[in-house]
Amino acid sequence: MDEHSINDILFEDVNLTYDGDDGSLVAVHDLSFEVAAGESVAFIGPSGCGKSTTLHMVAGLLKPSEGRVLVGGVPVDQPRRGTAFIPQDLGLFPWKTVLQNAALGLTIRKVPESEARTRATEALEKVGLSGFERAYPKELSGGMRQRLALARALAMDADILLMDEPLSAIDALLRESLQDTLLDLWLERRHTQMLVTHSIGEAVYLGRRILVFSERPGTVVAVIDNPDVGMAGYRASAEFSAKCQEVRIALANGSSVETQGGDPTDSGAEVVR
Amino acid sequence: MNRPPSMIRRIIGYVFAVVFIIAGWWITALLVNSPALPTPAATVGVLAQNAPTLVPYFWTSAYRVIVSLVIGTALAVPIAHVFARSRTLDALFAPVLYLLYPIPKVVLLPILLVLLGLADAPKIALISLTVFFQVLVAVRDSVKIVPESAVLSIRSLGGSRWDEYRHVVIPATMPAVFTSLRIGVGTAIAVLFIAEAMAGSTGLGYFIMQSWSMVNYPRMFAGIIALALLGVVLYAIFDIIERRLTRWRS
Ligand SMILES: Nc1ncnc2c1ncn2[C@@H]1O[C@H](COP(=O)(O)OP(=O)(O)OP(=O)(O)O)[C@@H](O)[C@H]1O
Ligand SMILES: [Mg+2]
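Taken in order, these protein sequences are the chains called A and B. Using my numbering, you'd call the opening residue of the first sequence number 795 and step up by one each time. Using my numbering, you'd call the opening residue of the second sequence number 22 and step up by one each time.
Think of the hints as simulated: they come from the structure by calculation, not from any bench. One should not assume that every hint holds.
[Said to hold, decoys possible] No more than 20 angstroms apart at the CA atoms, straight line, and that leaves these computed lysine to any residue pairs for SDA-like:
| # | chain 1 | residue 1 | chain 2 | residue 2 |
| --- | --- | --- | --- | --- |
| 1 | A | LYS890 | B | LEU118 |
| 2 | A | LYS890 | B | ASP111 |
| 3 | A | LYS890 | B | VAL167 |
| 4 | B | LYS165 | A | GLY814 |
| 5 | A | LYS857 | A | SER846 |
| 6 | A | LYS932 | B | TRP269 |
| 7 | B | LYS165 | A | ASP815 |
| 8 | A | LYS857 | B | LEU266 |
| 9 | B | LYS165 | B | ASP111 |
| 10 | A | LYS890 | B | ILE262 |
| 11 | A | LYS932 | B | HIS102 |
| 12 | B | LYS165 | B | HIS102 |
| 13 | A | LYS932 | B | ILE191 |
| 14 | A | LYS890 | B | PRO196 |
| 15 | A | LYS857 | A | ARG1010 |
| 16 | A | LYS932 | B | ARG265 |
| 17 | A | LYS932 | B | LEU118 |
| 18 | B | LYS165 | B | VAL135 |
| 19 | A | LYS904 | B | ASP184 |
| 20 | A | LYS932 | B | ASP111 |
| 21 | A | LYS890 | A | PRO906 |
| 22 | A | LYS932 | B | SER170 |
| 23 | A | LYS857 | A | GLY814 |
| 24 | A | LYS890 | A | GLN872 |
| 25 | A | LYS932 | B | ALA193 |
| 26 | A | LYS857 | B | HIS102 |
| 27 | A | LYS932 | B | GLY45 |
| 28 | A | LYS920 | B | ILE261 |
| 29 | A | LYS932 | B | VAL88 |
| 30 | A | LYS932 | B | ILE166 |
| 31 | A | LYS857 | A | GLY842 |
| 32 | A | LYS890 | B | VAL172 |
| 33 | A | LYS890 | B | PRO168 |
[Stated by the list, open to error] Here are a few chain A residues that sit away from chain B, every Cβ distance over 12 angstroms (derived from the structure):
| # | residue |
| --- | --- |
| 34 | VAL868 |
| 35 | GLU916 |
| 36 | MET950 |
For glycine and all other residues, C-beta sits at the position ideal for the given N, C-alpha and C.
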């Protein structure tokens, strides 16, 4: 066979052009990078630079206009069973109960109802939503909704988890606790993870590597290794602050955008404008 | 949790409404003092007396509205979805819809009478047409607010087109169908009345106008009550379905 693990991700010279009513728009350009099996990579870059587009290609929702996107060495030409995708805005179903939302991935994949129910219930327990099975998303807080989206992904027992700004709608304090949840899950399960975020602190806290995108057409302008991810007390450490600073500089160089927020230890509050 | 109290409050609300309406009716009837508007007490007797003749007319009318509601909806829903799916078709037909929607379809009655005769067909066609436009416009607008990220979820799970419909499009748009039907019931009954009053010799519309020309006011009033009842019952049914479908919103 070849050297690919079943759940690594490889972009080879990828271009993606949207053809709209008013001309075409190059969203990402010359995009090449690799995410190793079991690695957690954070993607950060200015708004509209093609981060969601990049995730959509991995999820099998979009095909590259040029180049190749490979998962486990195979070009992605349709959604893959082992890939769980949490879209920007979470993609919850307001008319389904919490349990039905959590089980949806399994329902669509025709897992028998009772098994789907059991696995969804377990996933809800894992994210701390037990007791809310019969509630509707509207009755949940923002953080709980985020947990629900995560539970749906967990119930599928995926080996690749794609998340598009999953915590962007959540206030700073709760955000840190959810970041801990994400980190713990990754440390425990070691799935391949791609996390798109606007927050420098979040990228540094969760990304074993951080890929910095340029402005549109997006391409990788910096790759920052972040080996200390998962270290106890990382968020409060000097290494963490230094890493945030490094990302901030890379962002500023790469896209000549302004970054806001002064304190580099402020994990998750500062946002790329 | 707080279900029992809110339930009781609702029942109290309805009881109050009924008392209010009956009181208003009673006072008006006393003031008007005409056989055309009997008091609620007198109406009970009038209804009992006319029920045997009334019932077949009632069923004819009920049959016509219900069949029309079904036909109008069955045609409008798929067409609305096609419009919403295809930008070209939508662009093409949006102006057509814009021009046709505000036309009161009831003015087409004479044409339908010429084309379809005097029996059920022209009435059903006319009411169906009215319902069709109301449902079409409501559903077409509702398809546009289908949550995009929910569709993405389904697709990323490898779901089929049918899954998209089953899990997203249908639940997102069904409430609009029943809202438009609920709101449309009043118009549908009004159109039914006019159509039956103008042509043919069946249905409550005919019954009412025939009683009127016979100067049999109690009989006429019994017909009016029956037609009102038909409207209220249909309205309540659609309201209940709509509430069930939108429990997740409250
Ligand atoms: N379906 C589409 N059709 C046409 N253009 C699109 C489409 N989706 C995205 N774009 C455009 O492609 C570019 C990249 O979009 P994308 O959503 O990938 O950016 P992003 O980095 O995720 O931005 P954000 O941080 O705001 O979420 C944007 O300019 C966007 O307007
Ligand atoms: Mg995005």
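Checked hints:
Simply put, A:LYS890 and B:LEU118 have alpha-carbon atoms about 33 angstroms apart, too far for the 20 angstroms limit, and the pair is violated. Restraint check for A:LYS890 and B:ASP111: not satisfied, since their Cα atoms lie roughly 30 angstroms apart, outside the 20 angstroms limit. Our distance criterion of 20 angstroms between C-alpha atoms is met by A:LYS890 and B:VAL167, whose separation comes to about 14 angstroms. A C-alpha spacing of about 18 angstroms is found between B:LYS165 and A:GLY814, which places the hinted pair at or below 20 angstroms, so the restraint holds.
Between A:LYS857 and A:SER846, the direct Cα distance comes to roughly 13 angstroms. Compliance with the 20 angstroms bound is thereby established for this hinted pair. For a cut-off of 20 angstroms, the pair hint linking A:LYS932 to B:TRP269 stands: about 7 angstroms separates their Cα positions. A hinted pair counts as satisfied when its Cα atoms are at most 20 angstroms apart, and B:LYS165 with A:ASP815 qualifies at roughly 18 angstroms. Note on A:LYS857 and B:LEU266: the hinted pairing is violated, with a Cα-Cα distance of about 37 angstroms set against a maximum of 20 angstroms.
Distance hint between B:LYS165 and B:ASP111 is fulfilled; the C-alpha atoms sit about 12 angstroms from each other, no more than 20 angstroms. At most 20 angstroms may separate the alpha-carbon atoms for a hinted pair to count; A:LYS890 and B:ILE262 meet this at roughly 17 angstroms. Distance check on the hinted pair: A:LYS932 and B:HIS102 sit about 26 angstroms apart at the alpha-carbon level, beyond 20 angstroms; violated. Distance hint between B:LYS165 and B:HIS102 is fulfilled; the C-alpha atoms sit about 10 angstroms from each other, no more than 20 angstroms.
Distance restraint check for A:LYS932 and B:ILE191: the Cα-Cα separation of roughly 19 angstroms lies within the 20 angstroms cut-off, and the hinted pair is therefore satisfied. Among the hinted pairs, A:LYS890 with B:PRO196 is consistent with the structure: their alpha-carbon atoms are about 14 angstroms apart, no more than 20 angstroms. Only pairs whose Cα atoms come within 20 angstroms are accepted, and A:LYS857 paired with A:ARG1010 is accepted, the gap being roughly 18 angstroms. Only pairs whose Cα atoms come within 20 angstroms are accepted, and A:LYS932 paired with B:ARG265 is accepted, the gap being roughly 16 angstroms.
Restraint check for A:LYS932 and B:LEU118: the C-alpha separation of about 34 angstroms exceeds 20 angstroms, so the hint is violated. Our distance criterion of 20 angstroms between C-alpha atoms is broken by B:LYS165 and B:VAL135, whose separation comes to about 39 angstroms. At most 20 angstroms may separate the alpha-carbon atoms for a hinted pair to count; A:LYS904 and B:ASP184 meet this at roughly 11 angstroms. With a C-alpha separation of about 32 angstroms, the suggested pair A:LYS932 and B:ASP111 falls outside the 20 angstroms cut-off, and the hint is violated.
With a CA separation close to 18 angstroms, the supplied pair A:LYS890 and A:PRO906 stays within the 20 angstroms bound. With a CA separation close to 16 angstroms, the supplied pair A:LYS932 and B:SER170 stays within the 20 angstroms bound. Only pairs whose Cα atoms come within 20 angstroms are accepted, and A:LYS857 paired with A:GLY814 is accepted, the gap being roughly 16 angstroms. A distance of roughly 26 angstroms separates the Cα atoms of A:LYS890 and A:GLN872; the hinted pair therefore is violated under the 20 angstroms criterion.
Pair hint A:LYS932 plus B:ALA193 holds up; C-alpha atoms about 15 angstroms apart against a cutoff of 20 angstroms. Only pairs whose Cα atoms come within 20 angstroms are accepted, and A:LYS857 paired with B:HIS102 is rejected, the gap being roughly 26 angstroms. Using a Cα cut-off of 20 angstroms, the hinted pair A:LYS932 and B:GLY45 is violated, with the two alpha carbons roughly 41 angstroms apart. Distance check on the hinted pair: A:LYS920 and B:ILE261 sit about 37 angstroms apart at the alpha-carbon level, beyond 20 angstroms; violated.
Our distance criterion of 20 angstroms between C-alpha atoms is broken by A:LYS932 and B:VAL88, whose separation comes to about 36 angstroms. For a cut-off of 20 angstroms, the pair hint linking A:LYS932 to B:ILE166 stands: about 17 angstroms separates their Cα positions. At most 20 angstroms may separate the alpha-carbon atoms for a hinted pair to count; A:LYS857 and A:GLY842 meet this at roughly 18 angstroms. A C-alpha spacing of about 14 angstroms is found between A:LYS890 and B:VAL172, which places the hinted pair at or below 20 angstroms, so the restraint holds.
A distance of roughly 13 angstroms separates the Cα atoms of A:LYS890 and B:PRO168; the hinted pair therefore holds under the 20 angstroms criterion. Every CB of chain B lies more than 12 angstroms from the CB of A:VAL868, the least distance being 15 angstroms, so the non-interface label holds. The Cβ of A:GLU916 sits about 19 angstroms from the closest Cβ of chain B, beyond the 12 angstroms cut-off, so the non-interface label holds. With a least beta-carbon separation of about 8 angstroms from chain B, A:MET950 fails to lie farther than 12 angstroms from that chain, contradicting its non-interface assignment.
In summary, the numbered hints that this structure violates are 1, 2, 8, 11, 17, 18, 20, 24, 26, 27, 28, 29 and 36.
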